[in-house]
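S.K.: Spelled out from the first residue to the last, the chains are:
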Amino acid sequence: MRSIEKNLNSFESVGIRPVAISVDTPEETRDLCQKAGYTFTFLSDQKNDAIRSYDLVHAGAGEGGKDIARPAEFLIDSSGVVKWVNLTENYWVRARPEQILEAAKVLEAE
Amino acid sequence: MKGSVLKLTMFKKFNWQIWFAFLLALAGAVTYAFVFIDYPALRDFPWTALGFFALALGFLFAGFARAFAVGTRLPGKIAASIVGLLALAVMGLFLFAVLIAARWLPESKNAPQVGQTAPEFSLPDINGKQVSLSELRSAPIKGNPPKGVLLIFYRGYW
Chain H
1 MRSIEKNLNS
11 FESVGIRPVA
21 ISVDTPEETR
31 DLCQKAGYTF
41 TFLSDQKNDA
51 IRSYDLVHAG
61 AGEGGKDIAR
71 PAEFLIDSSG
81 VVKWVNLTEN
91 YWVRARPEQI
101 LEAAKVLEAE
Chain L
111 MKGSVLKLTM
121 FKKFNWQIWF
131 AFLLALAGAV
141 TYAFVFIDYP
151 ALRDFPWTAL
161 GFFALALGFL
171 FAGFARAFAV
181 GTRLPGKIAA
191 SIVGLLALAV
201 MGLFLFAVLI
211 AARWLPESKN
221 APQVGQTAPE
231 FSLPDINGKQ
241 VSLSELRSAP
251 IKGNPPKGVL
261 LIFYRGYW
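Protein chains in written order, with our numbering: chain H, 1 to 110; chain L, 111 to 268.
Derived from the structure by calculation, the hints contain no laboratory data. Please read all numbers here as calculations on a predicted model, not as lab measurements. Each hint should be verified, as a subset may be incorrect.
Sample of chain H residues at the chain L side, in silico, Cβ under 8 Å [claimed, not checked]:
1. 4
2. 11
3. 14
4. 15
5. 26
6. 42
7. 44
8. 56
9. 70
10. 71
11. 75
12. 85
13. 104
Every residue gets a Cβ at the ideal spot worked out from N, C-alpha and C, and that includes glycine.
Start from the sequences and build out the full structure, keeping to the hints where you can.
M.R.: Have a look at this one:
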C-alpha cells in the first residue's frame with residue numbers, strides 16, 4: 001500500500017485509479033488511512049461479497065478464524081475487462097509499482 | 111586494582127559470542143519486518159535476514175565451542191545452550207513464517223482472468239458511501255476520463 005501511495009501520481013497520470021479492498025470496517029479502514037496517510041480509495045467488504053465473486057476468500061485466515069481476502073491485484077480497463085492479474089503465491093511478495101505501470105501500457109494502446 | 115582485575119576476568123568468562131549470535135538472529139528478523147519490507151527487491155526474498163543469520167550461525171558456533179570446551183563449568187554450558195537454542199528458534203520461526211507459511215494461500219482458480227469481464231460490486235468507502243466498480247471505471251481522475259482501475263485486495267488489519 002505504501003508503494004501505491006508513493007506512486008499515486010504516476011498511476012493517476014496514466015489514468016489508473018488504485019482501489020484497495022479488505023474485510024475491515026469503514027471505520028477501521030479510515031483509521032488505517034489516517035495513520036498511514038493513504039489518500040486513494042479504500043473500500044470495505046465486510047461480508048466478503050466482492051472477495052467471493054473474485055474467488056479470493058482465504059477461509060479462516062483472519063483473526064478468530066474470520067474469512068478474509070488473499071492478496072491479489074487486478075487491472076481493469078474502463079469498459080470493465082480484466083487486463084492484468086497478479087495472484088501472488090507468497091504473502092510477502094506483492095505487485096511492484098513498476099510492474100503495474102508496465103502492465104498499464106496495454107491501456108494506453110486502447 | 112583488584113576490582114578491575116575481577117571485572118576483566120568476568121568479561122573473559124562471559125560468553126559474549128553466544129549472546130551476540132542471539133542478537134544477530136533477532137536483528138535479522140526485526141530489520142526485515144520493519145525496514146527492508148519497504149524495498150521490494152529485499153522483501154520478495156529475505157536476503158538481509160539470511161545475511162544476519164549466517165553471521166549469527168558463525169558466532170553461535172564460536173559460542174558453543176567455547177561453552178563446551180574442556181574445563182568449562184556446567185552453568186556456563188547450560189546458559190549457552192539456552193541462549194543458543196533461542197537464537198536457533200528465532201531464525202527457524204522467521205524462515206518458516208516468511209518462506210513456508212506465507213505460501214499457504216488459496217489457489218483462486220476461479221478468479222477473473224485476462225479478457226474476462228470483472229465482476230461488478232458496490233461497497234462502502236471510508237465514509238460509508240457506497241461505491242460501485244462501474245463508478246470507479248467512469249469517474250474522472252483529475253478531470254480526465256480514467257483508463258482503468260487497479261483493484262488491490264488485501265488481508266486487512268482487523
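S.K.: Of the hints given before, which are not true for this structure?
M.R.: none
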